[in-house]
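Take the sequence shown: its letters are residues -24 to -1, 1 to 768, numbered as in mature numbering (1 follows the signal peptide of the UniProt record, and there is no 0).
Since the hints were made in silico from the structure, they are not lab data. The beta carbon of each residue, even a glycine, is placed where N, CA and C say it ideally should be. Incorrect hints may have been included.
[As the list claims (entries may be wrong)] In silico lysine-lysine, DSS-like type, Cα no more than 27 angstroms apart, as pairs:
#, residue 1, residue 2
1, Lys390, Lys279
2, Lys370, Lys610
3, Lys404, Lys390
4, Lys446, Lys435
5, Lys155, Lys167
6, Lys501, Lys659
7, Lys167, Lys111
8, Lys446, Lys702
9, Lys507, Lys404
10, Lys296, Lys279
11, Lys501, Lys666
12, Lys86, Lys66
13, Lys610, Lys296
14, Lys390, Lys476
15, Lys419, Lys404
16, Lys501, Lys515
17, Lys698, Lys359
18, Lys66, Lys440
19, Lys370, Lys282
20, Lys130, Lys26
21, Lys507, Lys659
22, Lys26, Lys66
23, Lys279, Lys515
24, Lys446, Lys659
25, Lys666, Lys507
26, Lys359, Lys419
27, Lys666, Lys404
28, Lys130, Lys86
29, Lys666, Lys435
30, Lys155, Lys101
[As the list claims (entries may be wrong)] Derived Cβ-Cβ restraints for the label pairs, each shown as a range:
#, residue 1, residue 2, range
31, Asp99, Ser22, 17 to 25 angstroms
32, Lys419, Asn473, 53 to 61 angstroms
33, Glu223, Ser487, 28 to 36 angstroms
34, Ser508, Ser487, 22 to 30 angstroms
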Amino acid sequence: MKKTIIGLSSLYIAASSITFPVMAEENSDESNYSKEELVYSTIDLSGDLKEMYVTNLFEMDDANEIEDFGNYNELRLLNTKDSDLNYANKEAHILTNENRVFTQGEVADKQLPWTFDFSYTLDGKTVDPHQAAGKSGQVTVQVSISPTDESNEKLMDFYDHYALQISTSLDLDTHYNLKSENGIISTAGNKQQVQWTVLPGQDDPLSFTVNTTQLEELDWSINGAPLSLAIGDDLFDISSFTDPLKELEDGITTINDGANSLNNGSTDLTNGIQQLLGGSNRLTSGTNQLSSKSQLLVEGTSKAYKQSENLASGLNTLNKGSNQLAQSTNQLKTGSQELNEKSTQLFNGLDKLDNGISDLSGGLGEIQQGLATLDDKSPSLTKNSALILTSLQKMQAKVDDIKVAFNDVSELSKAAEGIGSGLSSLDKGITGINQTLNQYDSKLNEAGLTPSELAEQNKNTQEKIQTLEKQIETLQPLVEEGLIEQALVDNLTSALNQTKQLLAVNEQYISGSNTLINGVHNQVKEDGALKSGSSQLVKNYQDFQSAINEVVTGISNLSNELVPLQEGVDQLTENYGALDQGVQDYTSGVHQLSEGINKVTAASKQLNTGSTSLINGGEALGNGINQLSDGAAKLDQGADSLSQGIGSAHTGSLAFINGISQLHTGTVALQSGAQDLFVGADKLSDGISKAETGSTDLSNGTQELANGTSELHSETANLPDKTKDKIDDAIDEFSNSDYEVHSYMDDRNDQVDNVQFVIQYRAQEEDTEDKTIDNHSEEHVSLWQKLLNLFS
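With the sequences and hints as input, model every part of the structure.
Structure below.
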């Protein structure tokens, strides 16, 4: 047992709450006498047993015969008047007429329940007190107590239920400054005594320290008797122990409620972060789609830019061809006008051909001259006509290339619409994250689980835990008194330590999650950097898309304007082919006519037929020349318009190339920004995922905490009542109320009411013969004197 219990019990025992002897329960009706055993022993300073005697006291009722058992070397009567003793084979039979009979015997198999060891130190060095007698210095004396034989149940029963009173005295003339931590010091006359009360089973060493000018060898007296503590409910107030336990119980209830609230809050926090994780995943998907679409836009604008360069080159070539066509048509117009004028002269000559043969020779000369001139002009006419047809065919091919380029431009508008849709989805996703965070904040506010409130709950819980730790410290004296078990205090301390660790982790997590959520919220709210950038990106891209649509619309309008041009060029090319063939036929006819005129002079017989043919051909030629003149005029007008339109188209193509270049640069920047946005969104998603994992761990930890606090709350329910029951059990254990005394000498002695031990060490030991009393001693020695002689 603990030293604190020794001190407390010693105080009560000193206040006479322990009594010697304690009587056992009444013997059965079959017994008509009772017995008490006084075991007297002497020991040396090594604790070795020297002598042991037992004095038996029998109280008679109406009986005159006593039966007693025990292993004695010798057994005798102490009062011989009207008594007769017969002892043999460990059995004694006494016949007597006395009401009280004393017997005394030397124990054969002597053995004490306790073994004592005395040690002396003088100025810190172990000494033999016999040899150190008379020396001076500081003396420390220690008495150690241990069971003699733990396997002997009878001896251990005395060891476990008997209290010991141990004392020694010192001469104040030679000893001073006596101190003892676990002993009671008292003074009587010139003697100072130190006394200890040793409770059953106590094995803590007893000690005292004293200064001496002349060390003397000390006598020791040890008395042993059953412990009986008269401890009532009014002896001391245990409310000082139970009231803090009630506060502790209330504190544990508060912690249990807080742990459950913390668990609910951590569950809500995990659900909110999971919703936030879903929004961030959608944001990551949108930014990934934006990055992919923007890459397609970059490729499309790059292709459009290359096609626009081809368009500009074609338009440049077409512009040059149209200029050449305008020049050729102008020459054709001039030549056709001259041809028309010359043909008038031809027709006038043909008219005169019909007036008479007399003018034939002169007319043929003029015709020959005119045909020679016309024949000279024919190569120029044929060449220019071929150039016009080639230019028209090139113009037709270039117009077709322009239409193909315009069709490619329509893909640019579709790609731009896809990017606009992706940016809108991104902006809506960011808005959704902001709404989710707002809903999450609202739920936390409704549940009273905002970061600031959680932090305040953490702080309050930590303060309560500190209070509980102080209250648990007040339980330690109860543990040392043996009223409650150390394991209960250890479990409470361990639970509080685990709660403190979880609260510390929870505090870090609240701070970290608050920083994370605030960081995300600051980015996705209306004036946040991410939301502002996304909104501005959508707005700028809308302006950019409008510019693209205007370019596409302009090009489409230009394509519409090219339709009549293409039709005119196609018709002109087709009609001019016929005209070119007519020109070829005409020039061939003129040549033939010129050759024929040379033959007319020789073949006048054929003049009438030739002139008729000439008139008919002249009419056809006139019609053709008129058509050629009109067509050449229209062709010249169309060529001028075509040249002006192609010049405008060429100028517009240069502006288009510049716009496509700027569009390509912008899409490259857009793709880079979209990629950065995707990387940032991916990091955000990863961070939220880690936060979700941490919140799940926190939720699991708070669940374990809630389970632990619930178990702690269940285990500590009615703790004051349980503690009081423990105290009552401990008091019952010390009171020995259920202990029944049994005989030291022999268990067959069932009439024993009391057994006491007297153990002594004497500095000057006397012969044992002086302590025994002969049955034949002088009659004047009284019984009381005989008993006193036993202990002198």
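Hint check:
| no. | hint | result |
| --- | --- | --- |
| 1 | Lys390 with Lys279 | holds (14 angstroms) |
| 2 | Lys370 with Lys610 | holds (19 angstroms) |
| 3 | Lys404 with Lys390 | holds (21 angstroms) |
| 4 | Lys446 with Lys435 | holds (17 angstroms) |
| 5 | Lys155 with Lys167 | holds (15 angstroms) |
| 6 | Lys501 with Lys659 | holds (18 angstroms) |
| 7 | Lys167 with Lys111 | holds (19 angstroms) |
| 8 | Lys446 with Lys702 | holds (22 angstroms) |
| 9 | Lys507 with Lys404 | holds (10 angstroms) |
| 10 | Lys296 with Lys279 | holds (26 angstroms) |
| 11 | Lys501 with Lys666 | holds (22 angstroms) |
| 12 | Lys86 with Lys66 | holds (14 angstroms) |
| 13 | Lys610 with Lys296 | holds (20 angstroms) |
| 14 | Lys390 with Lys476 | violated (62 angstroms) |
| 15 | Lys419 with Lys404 | holds (22 angstroms) |
| 16 | Lys501 with Lys515 | holds (17 angstroms) |
| 17 | Lys698 with Lys359 | violated (129 angstroms) |
| 18 | Lys66 with Lys440 | violated (70 angstroms) |
| 19 | Lys370 with Lys282 | holds (22 angstroms) |
| 20 | Lys130 with Lys26 | holds (21 angstroms) |
| 21 | Lys507 with Lys659 | holds (17 angstroms) |
| 22 | Lys26 with Lys66 | holds (22 angstroms) |
| 23 | Lys279 with Lys515 | holds (26 angstroms) |
| 24 | Lys446 with Lys659 | violated (47 angstroms) |
| 25 | Lys666 with Lys507 | holds (23 angstroms) |
| 26 | Lys359 with Lys419 | violated (91 angstroms) |
| 27 | Lys666 with Lys404 | holds (24 angstroms) |
| 28 | Lys130 with Lys86 | holds (13 angstroms) |
| 29 | Lys666 with Lys435 | holds (26 angstroms) |
| 30 | Lys155 with Lys101 | holds (18 angstroms) |
| 31 | Asp99 with Ser22: 17 to 25 angstroms | holds (23 angstroms) |
| 32 | Lys419 with Asn473: 53 to 61 angstroms | violated (32 angstroms) |
| 33 | Glu223 with Ser487: 28 to 36 angstroms | holds (31 angstroms) |
| 34 | Ser508 with Ser487: 22 to 30 angstroms | holds (27 angstroms) |
When each numbered hint is compared with the structure, violations occur for hints 14, 17, 18, 24, 26, 32.
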